[in-house]
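Keeping the supplied structure of chain S fixed, place chain E upon it in accordance with the hints.
Just so you know, the sequences run in chain order S and E.
Position one of the first sequence corresponds to residue 1 (this note's numbering), numbered consecutively onward.
Position one of the second sequence corresponds to residue 1 (this note's numbering), numbered consecutively onward.
It is worth saying that the hints were derived from the structure and are not from the lab.
Keep in mind that a hint or two might mislead.
One copy or any two copies: either way a pair holds, since identical chains are not told apart in the list.
Here are the computed lysine to any residue pairs in the SDA-like style, where the Cα-Cα straight-line distance is at most 25 Å [to be verified]:
hint : residue 1 : residue 2
1    : K428      : P158
2    : K87       : P109
3    : K237      : E67
4    : K79       : E67
5    : K94       : D106
6    : K428      : R230
7    : K78       : A108
8    : K99       : R381
9    : K300      : D264
10   : K237      : V96
11   : K99       : G124
12   : K99       : P125
13   : K94       : P111
Number of protein chains: 2
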Amino acid sequence: MRLKTPVLLILLLSASLSAQTPNWLDAYRSPAQRLIAASQSSDFAWQRLAEVTDTYGPRLSGSVNLERAIDWAVETMKKDGLENVRKESVMVPKWVRGKESLDLIDPAPQPLVMIGLGNSVGTGPDGITADVIVVSSFEDLDAHAADVKGKIVLFNVPFTNYGATVAYRSGGPSRAVVHGALAVLVRSVGPVGLRTPHTGATTYAADVPRIPGAAIPVEDAERFQRLQNRGVRIRVKLAMEAHFEADVESFNVVGELRGSELPDEVIVVGGHFDSWDPGVGATDDAGGCIVTWEALRLMKTLGLRPRRTVRVVLWTNEENGSRGGNGYRDQHAAELKDHVMMMESDGGVFDPAGFGFSGSDGARRTVTAIADLLAPLGANRIEAAGGGADIGPSVQAAGIPSMSHLVGGDYFLIHHTPADTVDRITPKQMSDNAAAIAVMTYIVADLPWRLGTEK
Amino acid sequence: MRLKTPVLLILLLSASLSAQTPNWLDAYRSPAQRLIAASQSSDFAWQRLAEVTDTYGPRLSGSVNLERAIDWAVETMKKDGLENVRKESVMVPKWVRGKESLDLIDPAPQPLVMIGLGNSVGTGPDGITADVIVVSSFEDLDAHAADVKGKIVLFNVPFTNYGATVAYRSGGPSRAVVHGALAVLVRSVGPVGLRTPHTGATTYAADVPRIPGAAIPVEDAERFQRLQNRGVRIRVKLAMEAHFEADVESFNVVGELRGSELPDEVIVVGGHFDSWDPGVGATDDAGGCIVTWEALRLMKTLGLRPRRTVRVVLWTNEENGSRGGNGYRDQHAAELKDHVMMMESDGGVFDPAGFGFSGSDGARRTVTAIADLLAPLGANRIEAAGGGADIGPSVQAAGIPSMSHLVGGDYFLIHHTPADTVDRITPKQMSDNAAAIAVMTYIVADLPWRLGTEK
Numbered sequence: 001m002r003l004k005t006p007v008l009l010i011l012l013l014s015a016s017l018s019a020q021t022p023n024w025l026d027a028y029r030s031p032a033q034r035l036i037a038a039s040q041s042s043d044f045a046w047q048r049l050a051e052v053t054d055t056y057g058p059r060l061s062g063s064v065n066l067e068r069a070i071d072w073a074v075e076t077m078k079k080d081g082l083e084n085v086r087k088e089s090v091m092v093p094k095w096v097r098g099k100e101s102l103d104l105i106d107p108a109p110q111p112l113v114m115i116g117l118g119n120s121v122g123t124g125p126d127g128i129t130a131d132v133i134v135v136s137s138f139e140d141l142d143a144h145a146a147d148v149k150g151k152i153v154l155f156n157v158p159f160t161n162y163g164a165t166v167a168y169r170s171g172g173p174s175r176a177v178v179h180g181a182l183a184v185l186v187r188s189v190g191p192v193g194l195r196t197p198h199t200g201a202t203t204y205a206a207d208v209p210r211i212p213g214a215a216i217p218v219e220d221a222e223r224f225q226r227l228q229n230r231g232v233r234i235r236v237k238l239a240m241e242a243h244f245e246a247d248v249e250s251f252n253v254v255g256e257l258r259g260s261e262l263p264d265e266v267i268v269v270g271g272h273f274d275s276w277d278p279g280v281g282a283t284d285d286a287g288g289c290i291v292t293w294e295a296l297r298l299m300k301t302l303g304l305r306p307r308r309t310v311r312v313v314l315w316t317n318e319e320n321g322s323r324g325g326n327g328y329r330d331q332h333a334a335e336l337k338d339h340v341m342m343m344e345s346d347g348g349v350f351d352p353a354g355f356g357f358s359g360s361d362g363a364r365r366t367v368t369a370i371a372d373l374l375a376p377l378g379a380n381r382i383e384a385a386g387g388g389a390d391i392g393p394s395v396q397a398a399g400i401p402s403m404s405h406l407v408g409g410d411y412f413l414i415h416h417t418p419a420d421t422v423d424r425i426t427p428k429q430m431s432d433n434a435a436a437i438a439v440m441t442y443i444v445a446d447l448p449w450r451l452g453t454e455k
Numbered sequence: 001m002r003l004k005t006p007v008l009l010i011l012l013l014s015a016s017l018s019a020q021t022p023n024w025l026d027a028y029r030s031p032a033q034r035l036i037a038a039s040q041s042s043d044f045a046w047q048r049l050a051e052v053t054d055t056y057g058p059r060l061s062g063s064v065n066l067e068r069a070i071d072w073a074v075e076t077m078k079k080d081g082l083e084n085v086r087k088e089s090v091m092v093p094k095w096v097r098g099k100e101s102l103d104l105i106d107p108a109p110q111p112l113v114m115i116g117l118g119n120s121v122g123t124g125p126d127g128i129t130a131d132v133i134v135v136s137s138f139e140d141l142d143a144h145a146a147d148v149k150g151k152i153v154l155f156n157v158p159f160t161n162y163g164a165t166v167a168y169r170s171g172g173p174s175r176a177v178v179h180g181a182l183a184v185l186v187r188s189v190g191p192v193g194l195r196t197p198h199t200g201a202t203t204y205a206a207d208v209p210r211i212p213g214a215a216i217p218v219e220d221a222e223r224f225q226r227l228q229n230r231g232v233r234i235r236v237k238l239a240m241e242a243h244f245e246a247d248v249e250s251f252n253v254v255g256e257l258r259g260s261e262l263p264d265e266v267i268v269v270g271g272h273f274d275s276w277d278p279g280v281g282a283t284d285d286a287g288g289c290i291v292t293w294e295a296l297r298l299m300k301t302l303g304l305r306p307r308r309t310v311r312v313v314l315w316t317n318e319e320n321g322s323r324g325g326n327g328y329r330d331q332h333a334a335e336l337k338d339h340v341m342m343m344e345s346d347g348g349v350f351d352p353a354g355f356g357f358s359g360s361d362g363a364r365r366t367v368t369a370i371a372d373l374l375a376p377l378g379a380n381r382i383e384a385a386g387g388g389a390d391i392g393p394s395v396q397a398a399g400i401p402s403m404s405h406l407v408g409g410d411y412f413l414i415h416h417t418p419a420d421t422v423d424r425i426t427p428k429q430m431s432d433n434a435a436a437i438a439v440m441t442y443i444v445a446d447l448p449w450r451l452g453t454e455k
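Bound-form chain S, shown alone:
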């Protein structure tokens, strides 16, 4: 039987030594090294990522691909020896892209690169043929309100950061329709790629008509801007079959390693298993699913069973409905009080950097100490805030300490694009991130005290 270090002593030590490594961490050096070594010993995680993305492709909510991938995950978690493996039902929206196209008519006939925005309405079978007006912001739109009626509005807003720029993808159609726009184009939300279109959800305001929205590459937005600046008429035909069908059943996938002493206390890790459709959703977010799942598989393989339960959840419908995250909150409402921490990996799987963390100061000291063990992976940074779209509903409902998995790399270059494929991720990145998550998760789950109870 394992001896528990008295919590009070640990806290006193921890406080008195301040920046020094606390003694309690010593017990975890060996398991941490074993987890890291095991993860780095093969390309297992990358191969699994390649297998799921190669075999099932993109996994849009409502698609057969997603449900097949979910069934594969359940079966594979069972083969891994995880416990209580199950599907938890949620109803999800079924948005269907259908065929779509954007043809330049003036000044030169040319089919253009485009991608419809998720959740957009379609154009009707005849498409929408109209002149384009380019604006640089919502303020610029309002300033040219008199010129918008009957036109297609292009929001040509350079990418600064996601939060600032995505406002045009989310809100553009409902802002432009007020002035009589027929449809909206947005400059893809991301840095310049290789004529790369970025999709992502648009959100209609409740009180205005819905007009179609699509994204075009940065290059095309800049071309339209130059043409407008020269006084050249820009005329296009936008055709989109996009529409919603009735909601369908989908599932969050859950697997566990039950705690040896406090099985009702749960540490949740995971990512979302659904994806946008132009790529195969490797970075966003099959990679996040696999590296968090790997945390459990590595513990299982090494016989490392922590005191508390570690649960991996592959949420459904993050991209265009958040039904998975909301469903988890509702279905697990009674046990959220026993959720010690929730971690989401949904920022890509590039070189590991560490974690963002939201929780008490004491809990922050604890996870910061644990992160010291991740220095060999370059994953020892603990940033100011942590969270995730899927853990958010539960975290908010029950005040659960929350963590996001941090990596380097240029996530927004490939985010929601055809280039979101396994080729962007190396085997070493998969192994190193899985190792970092495994170590952090194992120790938080095994701590002699419950994370967040530090004084």
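Here is chain E on its own, set in the frame of chain S:
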């Protein structure tokens, strides 16, 4: 009246000083500096490139875009004050891409990124639905000949250099049909991009049936390879409307700065004005057209009229027929003996590096000396061989010294792709390359002796 340095003296000096800069070059230091300063004083060349590619888009042979762009070039050369501006008629093939698609059926339904190969036949209206077999070379194809019948062959050949890899795009369909293949896919000829498809011409052998050919991105080729390696069946539907229509009239565009003393001796510079259709043909090859045209415009602007005639030619139909280059040779057969040098720019407009040159040793000494004046631009390298697809027919017919414009950069990342847009080229690159070409061309055209007559 300008004094001519005696040729013999120059040659003696040139020989005796060996690696030292020959004295005759001194007369050209000032004009070279003026040409460079004029080109670098504005972003004129880049703006012109943006204007032509923005306004006319891609310029595939047989398209209205190409002919509109040609008419614009004629009009604009006249406005620039060039002389003998004219269109020279050639008949060109009209290959029409039409709609095209590649849908993965097994293991997961998914529309894939693809682009048909230029000059390919279509699939018929029902498309071709078949299993895919992946091979790594022509030898691997032959080794698996018994498995090919009734299938679509994917040539998954990593990009090494263009010459080695393009063989699969050119020859793949005719090699695979012999074993009963229904169609061919080729891994895009280029380094990995962002799920970027590369088109380009395929060439059918005369003695075998024609089957459709299309390119897929590197990422998809690698995915198919992994699936095959795992024993997973790959089934796709390829649909292409591609077909030829009757030849149509197109034109080489010609403009000149007539020589002050030896107007019948001609230095030709130029690029091809047609392009593939997925991008706007900025790098391949509107940029080459503009920077060579700029050489004449800069001389004209500065009042620098060389002894011999400088002629810019914007050839048509380089990409899928070479009718422009062949037509030039035939229409100018009588005067090819007076073509002192021909230079083609068709390797992109990135940072200037210098020129490739094919000609006599004496001529090489001369152009090497001239290149010294391009050191401030980084364009002073003279490589072993120079040529170009459009100048090739004339050069071969009449043994003309020939030059290719050399640049750095990653031409084959964007070559024949949707990403061939003006965004890949900076104003400084346009100005610097125009300057380098202007200096080289002006001096060769003004030399006291005819290039190639050195002893």
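Results for each hint:
1. K428 with P158: The answer is between: 22 Å across copies meets 25 Å, while 33 Å in one copy does not.
2. K87 with P109: between (50 Å within a copy, 23 Å between copies)
3. K237 with E67: between (35 Å within a copy, 23 Å between copies)
4. K79 with E67: Cα proximity of K79 and E67: one copy only (18 Å, versus 63 Å across).
5. K94 with D106: Between. Shortest inter-copy distance 22 Å satisfies the 25 Å Cα cut-off; intra-copy 35 Å does not.
6. K428 with R230: Answer is between; shortest inter-copy Cα gap is 21 Å, intra-copy 49 Å.
7. K78 with A108: For K78 and A108, only the inter-copy Cα distance (23 Å) is at most 25 Å; the intra-copy one is 57 Å.
8. K99 with R381: Classified as neither: same-chain Cα gap 44 Å, cross-chain 50 Å, threshold 25 Å.
9. K300 with D264: For K300 and D264, only the intra-copy Cα distance (18 Å) is at most 25 Å; the inter-copy one is 85 Å.
10. K237 with V96: both (20 Å within a copy, 20 Å between copies)
11. K99 with G124: Classified as both; 11 Å inside a copy, 20 Å across copies.
12. K99 with P125: both (10 Å within a copy, 17 Å between copies)
13. K94 with P111: between (28 Å within a copy, 18 Å between copies)
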